[in-house]
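Enquirer: Top line first, the protein sequences correspond to chains Z and P. Okay, so the first sequence: first residue is 1 according to our numbering, each after it adds one. Okay, so the second sequence: first residue is 1 according to our numbering, each after it adds one.
I should point out that these hints are in silico values taken from the structure, not numbers from a laboratory. Some hints here could point you the wrong way.
Said to hold, decoys possible - One side of the interface only, derived from the structure: several residues of chain Z facing chain P at Cβ under 10 Å:
(1) R103
(2) T106
(3) A107
(4) P168
(5) E171
(6) A173
(7) A174
(8) A175
(9) N176
(10) A179
(11) Q183
(12) L192
No experiment lies behind these values; they were computed from the predicted model shown. Glycine included, every Cβ here is placed at the ideal spot set by N, Cα and C.
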Amino acid sequence: MKWFRGRSLVDVVGIGLVLAVAVFSLVLLVAPSIIVVVISFDTRAYVTFPPAGFTLRWYKAVFEHGELVEAMLNSLQVGLTVTVLCIVLGVPTALACVRGRFRGTTALSVFVLVPHMVPGIVLGVAVLFAGALVGVSPSIWLQSISITVFIVAVMVRTVQSRLMRLDPALEEAAANLRATPFQSLRTVTFPLLMPAILAGAVFTFVEGFDNLSVAIFTHGFRDRPLPVELLALVQYTSSPIVAAVSGVQIVLAIAALVVVSTSIGLDKVNE
Amino acid sequence: MMQGPAGPSNTVETTAPVLGIGAVGKRFGATRVLQNFTLEVAEGEIVTLLGPSGCGKTTLLRCVAGFWEPNGGTIEIDGQDIVDVPVNRRPVGVVFQSYALFPHLTVARNVGYALRMRNRPRAEVAQRVASVLETVSLTGFENRYPSQLSGGQQQRVAIARVLVMEPRVLLLDEPFNALDAKLRGAMQVELRQLIKRLGLTSIFVTHDQEEALTMSDRIAVMSGGKIEQVASPDEIFDRPATAYVADFIGVSNFWETQAETGHVRLPDGQTVMTDLTGGVKVMTRPHNLRLGPPEAGPWKGTVSFHRNVGPLIEYHVEASDGNVIRVSAMRQERDRPVKDRSQVSLSVIDPASCSVYPG
Ligand SMILES: Nc1ncnc2c1ncn2[C@@H]1O[C@H](COP(=O)(O)OP(=O)(O)OP(=O)(O)O)[C@@H](O)[C@H]1O
Ligand SMILES: [Mg+2]
Numbered sequence: 001m002k003w004f005r006g007r008s009l010v011d012v013v014g015i016g017l018v019l020a021v022a023v024f025s026l027v028l029l030v031a032p033s034i035i036v037v038v039i040s041f042d043t044r045a046y047v048t049f050p051p052a053g054f055t056l057r058w059y060k061a062v063f064e065h066g067e068l069v070e071a072m073l074n075s076l077q078v079g080l081t082v083t084v085l086c087i088v089l090g091v092p093t094a095l096a097c098v099r100g101r102f103r104g105t106t107a108l109s110v111f112v113l114v115p116h117m118v119p120g121i122v123l124g125v126a127v128l129f130a131g132a133l134v135g136v137s138p139s140i141w142l143q144s145i146s147i148t149v150f151i152v153a154v155m156v157r158t159v160q161s162r163l164m165r166l167d168p169a170l171e172e173a174a175a176n177l178r179a180t181p182f183q184s185l186r187t188v189t190f191p192l193l194m195p196a197i198l199a200g201a202v203f204t205f206v207e208g209f210d211n212l213s214v215a216i217f218t219h220g221f222r223d224r225p226l227p228v229e230l231l232a233l234v235q236y237t238s239s240p241i242v243a244a245v246s247g248v249q250i251v252l253a254i255a256a257l258v259v260v261s262t263s264i265g266l267d268k269v270n271e
Numbered sequence: 001m002m003q004g005p006a007g008p009s010n011t012v013e014t015t016a017p018v019l020g021i022g023a024v025g026k027r028f029g030a031t032r033v034l035q036n037f038t039l040e041v042a043e044g045e046i047v048t049l050l051g052p053s054g055c056g057k058t059t060l061l062r063c064v065a066g067f068w069e070p071n072g073g074t075i076e077i078d079g080q081d082i083v084d085v086p087v088n089r090r091p092v093g094v095v096f097q098s099y100a101l102f103p104h105l106t107v108a109r110n111v112g113y114a115l116r117m118r119n120r121p122r123a124e125v126a127q128r129v130a131s132v133l134e135t136v137s138l139t140g141f142e143n144r145y146p147s148q149l150s151g152g153q154q155q156r157v158a159i160a161r162v163l164v165m166e167p168r169v170l171l172l173d174e175p176f177n178a179l180d181a182k183l184r185g186a187m188q189v190e191l192r193q194l195i196k197r198l199g200l201t202s203i204f205v206t207h208d209q210e211e212a213l214t215m216s217d218r219i220a221v222m223s224g225g226k227i228e229q230v231a232s233p234d235e236i237f238d239r240p241a242t243a244y245v246a247d248f249i250g251v252s253n254f255w256e257t258q259a260e261t262g263h264v265r266l267p268d269g270q271t272v273m274t275d276l277t278g279g280v281k282v283m284t285r286p287h288n289l290r291l292g293p294p295e296a297g298p299w300k301g302t303v304s305f306h307r308n309v310g311p312l313i314e315y316h317v318e319a320s321d322g323n324v325i326r327v328s329a330m331r332q333e334r335d336r337p338v339k340d341r342s343q344v345s346l347s348v349i350d351p352a353s354c355s356v357y358p359g
């Protein structure tokens, strides 16, 4: 039955729902981001809307604010450490789960997921208490390792799903064509997994950079990460400097999205 | 390897099989997939494994290639047992059913892969890749990716990639499955000619009997992990060793009867010599039967169906004993086919071409 300009009822409802979701995400995600960015260029020293003028003062202030810069560098370090650890631990785990010939591959792939299911706060508190018991105090390394435990599942899952779609005959062909197991990994498996590893790396980096729930309990006393520093900052000030930090993060997030979408795009070109 | 004294009189080497599979078994848990499998393939010979789905053809290839380890038995190439040789050191090339081309590498890099893994100098790789691509008529496609090729071209890349390492034994697992029927026929002839020209010792797997008849020097008909018969395509077709082989290859008519001393009486009154006694099964092909007017002989029936298959006309005749017998005759344009539901008599053209099996 045609209902509205030649469309059926299902179509109309479907299009309506899509529009609703689009408006919803626009309002909840994009609009606040735009407002934050607009505020970050405002000339006035307190958060208001609409802005009174344009200035780069707050961005300058961010980079002159010693603690904020240090916090950003700390978060950058955590993000990179988490990414490297997730690649080093996650990729072999995914390989073992999918290609492994031993008992317990299913158990392993479920086990990896568990920390990700636990709320970050619970994990953070648990690490803090357990650390205290064995005499390990919070530090940037404890924070990095805790976030790695929390997020490594994302790397494992991303690589795993790609690996499951790879024809096992490719690796057999490599072996038949004289490749040693190591050569086969280097020339066939890894290049074909690269888009997945890259996508996983972006997700884990963002988590390492941005995580608050685990970080708040595990970060080093003198090495505050950015989210913790920002939390402290908004408690005591309401200057657009916080908005400027958010502006920097939004730019980073967009860059990450571009990396992910082009890496997945490249993936399609060769298949 | 056993060898006579060196010199021109040394003929042992040329007659020894290139590939010798001896009593190979393969189990998965409790299921025996291969049992006591024995086969020898001579230099330059193409042997086809033909059998129904699940009879163990792929399993045997995977054991020879080294992807799976057999549970007992020997696999020898040029007299050397290779069961303990790792996959990447076996002088064996595999053409996979899915081709398994590397999607991230160009045609040239796919084809040169084996040489690069062996660290051959660049110039040599380039020269050998070019020459192999010429052999399979793919010159000019060097920089394409597999996804930019047709199915037939992909298959030729898969073959070129294996040829470049000059394997002693070539293994092909249903390499035509991904092609459409017309291309398949052309590629079968092309591939057979190529393999013959290069003199490659090959095992070819298929469950398509026509493909087997086209491609093979010898056919090994398999059933349940064992070989029923190994012989030339003609012999397999004309003299099937067992009722199973007769049934599997081509169209066959069976009837059950009792053997008398030294011979079997056919329904039309003629006799076939046999050493068997008691209950037997007699088999003959449709082209060894002839239709006649109903009063011409004792073996009577009714035509239940006929169809034109190009140069032949094929009849289904319901015999008076209830058997449906298939008869084929050359089709002549001026002849009218025998109409459905007409009464006919059947007779065997050449009784010596009938096969007799234990019942
Ligand atoms: N990894 C495995 N584990 C258990 N059983 C297996 C395994 N691989 C194969 N089989 C069994 O072994 C038997 C033979 O399989 P195989 O693949 O060799 O058959 P095939 O002759 O190649 O059949 P097709 O014509 O369908 O390719 C089948 O019954 C199959 O179920
Ligand atoms: Mg198979």
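Enquirer: Regarding the hint that A107 (chain Z) lies at the interface with chain P, is the smallest CB-CB distance below 10 Å?
Expert: 21 Å, violated
Enquirer: Is the shortest C-beta separation between L192 (chain Z) and chain P less than 10 Å?
Expert: Holds, about 6 Å.
Enquirer: Any CB of chain P closer than 10 Å to the CB of N176 (chain Z)?
Expert: Holds: closest Cβ of chain P sits about 5 Å from N176 (chain Z), inside 10 Å.
Enquirer: Is the interface hint for Q183 (chain Z) satisfied, with its Cβ closer than 10 Å to some Cβ of chain P?
Expert: Given a least distance of 6 Å, the restraint on Q183 (chain Z) holds.
Enquirer: With a cut-off of 10 Å on the beta carbons, see whether A174 (chain Z) makes it to chain P.
Expert: 7 Å, holds
Enquirer: Is the interface hint satisfied for A175 (chain Z)? The criterion is a beta-carbon contact with chain P at less than 10 Å.
Expert: With a closest approach of 4 Å, the A175 (chain Z) hint holds.
Enquirer: Less than 10 Å between beta-carbons is the criterion; does A173 (chain Z) satisfy it with respect to chain P?
Expert: For A173 (chain Z), the interface hint holds, since the closest Cβ of chain P sits about 4 Å away, which is under 10 Å.
Enquirer: Using the nearest Cβ pair, does E171 (chain Z) come within less than 10 Å of chain P?
Expert: It holds, given that the least Cβ distance between E171 (chain Z) and chain P is near 9 Å, below 10 Å.
Enquirer: Is the interface hint for A179 (chain Z) satisfied, with its Cβ closer than 10 Å to some Cβ of chain P?
Expert: Where the cut-off is 10 Å and the nearest Cβ of chain P is about 5 Å from A179 (chain Z), the hint holds.
Enquirer: Given a cut of 10 Å on the nearest C-beta pair, is the interface hint for R103 (chain Z) held or broken against chain P?
Expert: Cβ of R103 (chain Z) sits 14 Å from chain P, so the hint is violated.
Enquirer: Hint check: is the beta carbon of T106 (chain Z) less than 10 Å from a beta carbon of chain P?
Expert: 19 Å, violated
Enquirer: Once the shortest beta carbon distance from P168 (chain Z) to chain P is found, is it less than 10 Å?
Expert: 9 Å, holds
Checked against the numbered hints given earlier, the structure breaks hints 1, 2, 3 and satisfies all the rest.
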